[in-house]
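Peer 1: Each chain, letter by letter, is given below.
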Amino acid sequence: MIVAAAREIADGDVVFVGMRLPIVAYGVARLTHAPNAVGLFECGIVRYAPAGAVLYTMGDPPNQMGAAWATGLIQVMGQLQRGRVDAGFIGGAEIDRFGNINTSYIGDIAKPRVKLPGSGGAADIAAMAKRLIAIMNHQKRRFVEKVDYVTSPGFLDGGEARSKAGLGGGPAAVITDRCILRPHGPRKELHLASVHPGHNVDEVRGHTGWDLKPLPGLAETAPPSRAELAALHAIDKEGVWR
Amino acid sequence: MIVAAAREIADGDVVFVGMRLPIVAYGVARLTHAPNAVGLFECGIVRYAPAGAVLYTMGDPPNQMGAAWATGLIQVMGQLQRGRVDAGFIGGAEIDRFGNINTSYIGDIAKPRVKLPGSGGAADIAAMAKRLIAIMNHQKRRFVEKVDYVTSPGFLDGGEARSKAGLGGGPAAVITDRCILRPHGPRKELHLASVHPGHNVDEVRGHTGWDLKPLPGLAETAPPSRAELAALHAIDKEGVWR
Amino acid sequence: MKDKLLPLDRAISENLGPGDAVVLGACLEPDIPFAATYEIIRQGIGGLNVIAPISDASTDMLIGAGCVAEVTGAWVGNVSGGLGHNYRRALEDGEPGPVIVHDHSNFSLAMALLAGAHGMPYVPLRSILGSDIARSNPAFRRAENPFSEAREPVVLVPPLQPDLAVLPVQRADRHGNAHHWGSAGLIQESALAAEKVILLADEIVDAEVIASDPSRVLIPGYLVAAVCHLPGGAHPSPMTGRWRRDNQFFEDYHRVSRTRDGFLDWLREWVLEVPDHAAYQKKLSQRLDDLRITGTAPAAITSYAVA
Amino acid sequence: MKDKLLPLDRAISENLGPGDAVVLGACLEPDIPFAATYEIIRQGIGGLNVIAPISDASTDMLIGAGCVAEVTGAWVGNVSGGLGHNYRRALEDGEPGPVIVHDHSNFSLAMALLAGAHGMPYVPLRSILGSDIARSNPAFRRAENPFSEAREPVVLVPPLQPDLAVLPVQRADRHGNAHHWGSAGLIQESALAAEKVILLADEIVDAEVIASDPSRVLIPGYLVAAVCHLPGGAHPSPMTGRWRRDNQFFEDYHRVSRTRDGFLDWLREWVLEVPDHAAYQKKLSQRLDDLRITGTAPAAITSYAVA
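Protein chains in written order, with numbering that gives the first Met the number 0: chain A, 0 to 241; chain B, 0 to 241; chain C, 0 to 306; chain D, 0 to 306.
Worth flagging that the hints you see were computed from the coordinates, not collected in a lab.
Any given hint could be a false lead.
Stated by the list, open to error - Once the Cα atoms are required to be at most 20 Å apart in a straight line, the calculated DMTMM-like pairs of lysine to aspartate or glutamate come out as: (1) D/Lys1 / A/Asp10; (2) A/Lys110 / C/Asp92; (3) B/Lys129 / C/Glu194; (4) B/Lys110 / D/Glu148; (5) B/Lys163 / D/Glu148; (6) B/Lys145 / B/Asp210; (7) B/Lys110 / D/Asp8; (8) D/Lys195 / A/Asp107; (9) D/Lys1 / A/Glu144; (10) D/Lys281 / D/Asp8; (11) B/Lys139 / B/Asp201; (12) C/Lys195 / B/Asp85.
With the hints as constraints, model all of the structure from the sequences given.
Peer 2: See below:
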């Protein structure tokens, strides 16, 4: 999952790194195929090399020391709105067939069944990054036909809805513990792009709350290479995030 | 003139200090009756104590060293728009009976007779400081019935015109080399408030381009005290700005 | 200049009242003024509008303690554990009382505080277009960009000028002049937007130390109401160059606060029965010492010489 | 990381073309990139839109040399002498050519660059209400604050995203990571708003020096197109901790530029017949040495240690 996320980062990309798993994914990418990637953290940090120790939060001292820039949230998130961020990572509690993500309210807003923590920077990253990559555990209650609340916009109602709302970019991939989904076709609905080793199409469809269609050319996700595994172990020495 | 300007600063005031003479006036005030005044400079400096050496510009090294804050223009000028600046000083090429100041164009904008340098921060200071204090040489061509161009708004057409334009504050005093003018009455027209020693009412009126009326209680400006003169010499050791 | 050094209890009681809007946690994960969070709970100040983009478990604690009527923020939970249990209970069950949420993204809250800081009437924003945040928070308005030919939609964000911001800094002098370094989140916008500022200084230094580096100044003292000397006052959150994060503390809190009773036990142990920050430090004892950064990795020398 | 160190002539010729909008002087009186001003004149790049709040005599020189079609600024003159004679001749007599002025106040230009820096669609402003600036620059629009009950007027400022910003800094590494200290004017807004950035570094240092103090970073290198090593590249303007202002130079320029011929003589002597910055330094010789700040007034030690 982390390695698959790392592969979404191209060399030279300016990447908005979220909390938790994406921090590790950024490190893996940087140590393998993307040595010129730049990592942005919404607390106000820009880094080239990954932090020298495991991070529990993006504001931990190892992420500050040796940073390329320690500045304000606006100087970093402003780069999103300025159109300078190539890829952004977020997680979520619920995602729907058009890649809209909910991290706010399950059920009615006025009296929610579950109150989730909220957007943080996710709504901004989803709206303004050129490519959005979501990382989520693949469970039927999380992969739903329509999210109760759009915290982070994907393609909204599909088709041209996102551009009509004034937004470019949009979801490029959803990385789960079972597979990778990508938007496809004029409706921009999420399709099954590849299945991780040890998982299969029927299982994935069984854990998805909509009629998930396979992409033409659906294949198995390439297993982590030796270099990728080595990078993963180097970044997360203690296995905190695995 | 400098001492009269210094007296416009009350103790504890947050003062927007412009170029040239006001820098000296701030220093004199701080060393005499206003030891708790704070000086703001639009290049991004906040100072308590005046600089330790004569300043040719507000960005000179002596104004940086030991500053209370070296920051951006926005952090300093934002305090104006935030309503936190008690008094602001500006100069000008032309001023009219309602305290509007022109530092932009003499004559027609499309083909000016004289192109002046422009606003700098003067328009902002005039619009947003709680009290505006102008410092100008008193000549008939400068003290005009109506300025060709309002760079820095005074009371505009007088009366309620300024508040109708969305502005509070306004001119509190115009300090010249001959006298002090202050707005008076419902029209907020500039009146003669005091005449400096060695000058007289007729002379001042003769150098003013409108029918300048005296304020009730018009008096002679108090001459500089020994303490004020000592402060003036301490701030401007070389007499650059006298 | 006025001496603004005060004990925390006086700084809070003199500058925060019931119903006030207060920034508690402007830097996201680091520099959260937990010592002030605890003191506000001890003083039982209620009806607060707590403003913070993300402030780890601080907002959750205040909600559980019944101090909060409104939350103006982008994320409320526990960075180590995820969900905020008190936040859930308040929103789902009204326990211990109802809380109104003013939904924001990090960037929309940033723009609101930026506007408050510099007296901007409002700020137009693209960044929450398409998000239900722009709908569920009625403070926002929709408009069109008058400079665009294509009738481009924008969201207008009104300014926030909180009554108070409580801001941890590495060092300050007694007059409130302060240095802060490391990621800054919204600390400067909060300092300038708020009507009053209380600094929690990890170290009190001579005025000359702050004046030696004016570009490192967070905010000059004339804009500060009170300075409290509270080493480790951001514990369990980290502070650049000074304190590591107490991850276990957050995990423990997340676990025990899962039930209301568990939270109340935690609150008694860590807040109500701890009279002040000195007692809190003593209770943490070795654990706090272990989090203290004692090494030094000095910044390159910078000079402001004039000759 | 890419090595971005370039000689000034290549940095300019590769990153600035005729008709471009370029920030030359973002810090008001200090840190004006005069070395780049001279090089642009030597290369004869014309039709520029010169953007600067206040940049002392730099804009006046460029106008006199015929490089300028438009000025976007708040003040054009000579801080020592007052009026800018070339600016006057261009506006009053069209000599050496007509110049269009986009009038701003310092704060309205600040808001335009702030908007450009952070992708804000526009910024509403109170600060030039009542001023004719809001009328003589047709870029501004008037509107009402939709959050006000009293139909409060505001002025809307569109964003500026210049093609290039040339920014002097005290030190940078070869990859474009840079430290700047002292008053910052609009240097950071300009760095983030511009499509491309050229740094004029007073000193080139190892990457570790910049990385030792991330809070002092002006802008990280990935946003920088080129770095030029130009000690004293801001002469005659001052640079905090490095160079005093050459007041006499500004006064001399003001005096001789009073006539067109006087200006052209000055231009030949100080720009056209000086091939590069090294020759300029040599020509200044002892005079430059006398302006160099050799003492040190170090900032308090700041640490980013993690343990």
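Peer 1: Compare the structure with the hints numbered earlier in the document and write down the numbers of the violated ones, lowest to highest.
Peer 2: Violated hints: 4, 7, 8 and 9; rest satisfied.
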